[in-house]
Amino acid sequence: MRAIQYAAPSTVEDAVAILAEHGSDARMLAGGTDLIVQVREDARDTGVFVDAKKIPELMELSVNADGSTTLGAAVPCHQLYNDAHFTATYPAVTDAARIIGSTGIQGRASVGGNLCNSGPAGDTIPPLIVHSAVCNIFGPDGERTVAVEDFCTAPGRNVLADGELLVSLTLPKPPAGSGSHYLRFIPRNEMDIAVVGAGAWLQLDGDTITAARTALGAVAPTPLFVQAAGDALVGMTADEDAFAVAAGIARDAATPIDDMRGTIAHRKQLSYVLTQRALRGAKARAQGGSPTNGH
Amino acid sequence: MATEILSGKVHVQTTINGEQVDFLAEPRESLLEVLRDHLGLTGAKEGCNNGNCGACNVVMDGALVNSCCVLSVEAAGASIETIEGVASPEGLHPLQQSFLENAALQCGVCTPGFIVAAKALLEENPNPTEYEVRWWLAGNLCRCTGYDKIVRAVLDAAERMRAEA
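Protein chains in written order, with my numbering: chain A, 1 to 295; chain B, 1 to 165.
What the hints contain is simulated information worked out from the structure, not anything from laboratory work.
Just to be clear, a hint being listed does not mean it is correct.
Computed Cβ-Cβ distance ranges for the label pairs, DEER-style [claimed, not checked]:
(1) A:Gly23 - B:Gly77: 25 to 31 Å
(2) A:Asp66 - B:Glu123: 32 to 38 Å
(3) A:Asp241 - B:Gly62: 44 to 50 Å
(4) A:Pro140 - B:Glu164: 56 to 62 Å
(5) B:Leu24 - A:Pro221: 41 to 47 Å
No more than 16 Å apart at the CA atoms, straight line, and that leaves these computed lysine to aspartate or glutamate pairs for EDC-like [to be verified]:
(6) A:Lys268 - A:Asp258
(7) A:Lys54 - B:Glu130
(8) A:Lys54 - B:Glu4
(9) B:Lys9 - B:Glu29
(10) B:Lys149 - B:Glu130
(11) A:Lys173 - A:Asp66
We put the beta carbon where it would ideally sit given N, CA and C, even for glycine.
Chain A extracted, bound-state conformation:
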């Protein structure tokens, strides 16, 4: 790896000062499972690594007075899926945390890092979208919030300006009678990048859907919030007919490319199939059960 500089600030303000001074040459280091490899392989030229893990706000995982959860940007995946409350409350997010890379990757890799890497196939991003997560960003001009579906702007790019960092995500408390699920299609059983990923969140009143959100990964330049699919489900009975309607909307919303992992036609079809499966899993969880597909 090229020579680098390293700083481990203990406050958000210190981190912002370093980021602001060094501009695009500086980057936050959370688990390093993307950043270290990218710099080693000359895919990214970062000269100043700013360690996120000594800053308490970036390592926070706590439930707020209103029932929402604050998830620090550098909290590793393994901590999330070993947290019973988080797993029970935001199951789609832990579905993703369990399948990113391997156990050894999950020991370091963070949801915030996955989001800031801003890959179109980032597994945690559709789950964050369906759970209506909000990004808490701090920079030289103070604090601002951005809805997670508006965070990524292009492959590898996001709304963070020089000097800004993602401090944490706020996940609202899901209402009673709701559930979520995320799954992806990969040729292998594990250790792979999504050909397509799909997340869904449903709120039920009896069999009737009262609120719904779905999102897709790897079918557009950024992870995709398919708002129309969730909106169409509201008021419908949570059955296969309804899920087919939403899945059709998801397929139409997908604008994938052909690449080594899949073709446009395959990814469009997968957008349909995985949205159906994600909705079935979300319904099962909303009713107190478990998804029967995916991991």
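Use these hints to put chain B onto chain A, whose structure you have.
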């Protein structure tokens, strides 16, 4: 006080297998490079050097990690467990014994990573199913065995350890 930005040779104090260790390393060096090239702990292997193969697995502050994807300077103040700390003066760890008795290795390059990863699994889940073993070890690549004997060895070791517990 502004945070110091470190470059060049940095003095790092860490704990490895229960002993305090000091080393000098550049921030660009990985923990794996420090273990192997500076400290003579060559049990962890460099396979892919990009987080895919698990041959460099160590436990850092209780979490299984790929030491090729950790910066040397991140070890400051951490507690690190490597393959060198798995056996005790009294003898091999049950996992090591089980790997020998189940022929769970051929060339041996992946073995330290598998042992370290499997030990972390059994500490978290002393009675894993075959599926859970395979899932946990999915990030450890072996090009010799076809995995079956490794999985059997881990299940066998788990049974022995439960019997001894």
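Inset, instruction - Sort out which numbered hints this structure fails and list those numbers smallest first. - result: Checked against the structure, the only hint that fails is number 7, while the rest are satisfied.
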